[in-house]
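Engineer: Letter by letter, the chains look like this.
2 protein chains.
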Amino acid sequence: MDADKKITTLAEIGEFALIDRLTKDVNIQNKSTIKGVGDDAAILDYKDKQLVITTDMLMEGIHFSLVYAPLKHLGYKAAVVNFSDVYAMNAHPKQLIVSLAISSKFSVEAVEEIYEGIKLACNKYQADLIGGDTTSSLTGLALSLTAIGETKKGQTAFRNTAKKNDLICVSGNLGAAYVGLQLLEREKKVFAESNVQPDFSGYEYILERQLKPEARKDVVEALQKDGIKPTSMIDVSDGLSSELFHICTQSGVGCRIYSEKIPIHTQTAKMADEFNMDPLVCALNGGEDYELLFTVPVKQFEKIDKVEDVSIIGHITDKTEGLKLQTASDHLVDLKAQGWTSFADHQEENADSK
Amino acid sequence: MDADKKITTLAEIGEFALIDRLTKDVNIQNKSTIKGVGDDAAILDYKDKQLVITTDMLMEGIHFSLVYAPLKHLGYKAAVVNFSDVYAMNAHPKQLIVSLAISSKFSVEAVEEIYEGIKLACNKYQADLIGGDTTSSLTGLALSLTAIGETKKGQTAFRNTAKKNDLICVSGNLGAAYVGLQLLEREKKVFAESNVQPDFSGYEYILERQLKPEARKDVVEALQKDGIKPTSMIDVSDGLSSELFHICTQSGVGCRIYSEKIPIHTQTAKMADEFNMDPLVCALNGGEDYELLFTVPVKQFEKIDKVEDVSIIGHITDKTEGLKLQTASDHLVDLKAQGWTSFADHQEENADSK
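Just so you know, the sequences run in chain order A and B.
Just so you know, we're using our numbering here: the first sequence kicks off at 61 and counts up by one.
Just so you know, we're using our numbering here: the second sequence kicks off at 61 and counts up by one.
Where hints are given, some of them may not hold.
What the hints assert, rightly or not - Simulated coverage check for chain B against chain A, where a stretch passes if three residues somewhere in it have a Cβ under 8 angstroms from a Cβ of chain A:
hint, segment
1, 97 to 103
2, 121 to 127
3, 142 to 155
4, 190 to 203
5, 214 to 228
Unchecked claim - Here are the simulated DSSO-like pairs of lysine-lysine, each with C-alpha atoms no more than 30 angstroms apart in a straight line:
hint, chain 1, residue 1, chain 2, residue 2
6, B, K272, B, K396
7, B, K277, A, K107
8, A, K184, B, K109
9, A, K91, B, K289
10, B, K223, B, K384
11, B, K84, A, K213
12, A, K396, B, K95
Calculated directly from the structure, the hints in this document are not laboratory data.
Built from N, CA and C at the ideal position, the CB exists for glycine as well.
Excised from the complex, chain A in its bound form (with noise of 0.2 angstroms):
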């Protein structure tokens, strides 16, 4: 925030004020919102259509830090990971709930900047912000999310329909935004011990899909657009091995997936190395890319050959195969479900991963 920018206190302000104040400028945008803010409820009609719901929380401290996160960008990207979710389901985000919980140290103007990228998000997205819960907390800051979105019958992609022979394809590339992390990590070790400003040049890229990622809109629509659907859909929050564990467990299937297929920006690969890290680790095992990880029946390689953007890095086996990685020297390596590691130190436990 500006340094002259005028400062009000949650405690001066109160609850209905506040809510006025976020909420004021909020339009609706689809069809299926018959009411947002202001009741008890909000009401959908989705009619003849499906619906996919979906839910996020943010802890301050484990999935962000504000010395770090610009405001703006922890509002966008906590919308984001949430129509992310919601385009994994081969569907489109129609509108999002918000509960935001802050301590009261956290001025009125600190909150509207998370709500400005909330907005931003749900503009850019197509979503309407329809309701939710301000509400303080003693400690840190947490934000919970729940995104809802529209499907055709029919259309909707799950985790456990992958088929054997399948093509396996991600979308974009991966691995950036955890390397984004490590070097806001750096800095932020550099600067508290010496005070030296942080120097990102050349390190835009990586940044930016750490802090503000984006959701595949893109890519679901141009699958759609190419009358291709997914026999199976995920998104890339955890990290590839783990995706692949959900997709190949629920199936019933195996995968094998080529070391020299998998995207990674020059970016990403330059960072790891001064780091010491493998790439490949920070791309199977990373997480928070935010991309989109899909299967689909192999007589359709031609046509997702051609899909901007889109990689394809393996394919679907039987289950007694497991979940293999081939590697560029022809080695196959069993790919572990690294999993989401919350509960133990996050940052840690992905770096004993390397």
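Following the hints, position chain B against chain A.
Structural biologist: Just chain B, lined up with the frame of chain A:
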């Protein structure tokens, strides 16, 4: 928890096993739930019905204290307060989404107890637990629940549709949860200072109202059975004054309520007396009663008068007359919109209003 129960740390079990353990006995009860736990999002199909959606966030130290709130009760209450919002729309809860942030000092068994309470409430109110997020917290426990309910077009009750001359009705009785909290706070202090075990005998009702409230499913069902559609409705979470303020402001009307008509339980009156508080003030500003406050056309007087456990406490007036309380001595007093004071000190603010 029993001392001899097995204790499993969250770190040793990990996310996937924890989710399995928490959701393995979740059964789907509603036709509108197409898919629950287990994918990026749940899927719902409301066909020709509309849906209402509401969320509430509960933070340790603000909304509850683990010193006196048993975990199972906490889970139960967290679900019920959301169902109460659904009923306040004249709708019926069908699905529930649960996000939970817990510090790693919590055991798996402790999380299971919270879920036990949530599932108990889901079973009682026939809602399906369809998903959520379980994550860690560096500090306190945070619970964020989102409930989805079903309503027929035209049946929904809003806050902004009360009409002049409508009767103002409230279910059950008011102030009990608030004095229950005062009692718990007092006994907590006594215990901390002198190690004297609390004696709650004679006050079981007000404790239950605080620790294990119920949503007024029965009242919504009774009204629907008797063909009464409230012209406006809200649930009493912040206190009668505050809810009347919402209805009147949003409807552009005034109101007059009568102090001797406001239903107060004998235990509430007795407890308030012990604390040298006016029971009426507890009823007006106490909050957490989760009763339904609603208005009906005056021509429905005879019908509503017969509905069990509903009191007529006043009527809607012209906006120019403001919000008034007529005392037993026939004085007219302004009702103050107490609002919700979470950003100031919750307990002190409530006490100030005495």
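Engineer: Please name the hints from earlier in the document that this structure breaks, with their numbers sorted from lowest to highest.
Structural biologist: When the structure is compared with the hints, none of them turns out to be violated.
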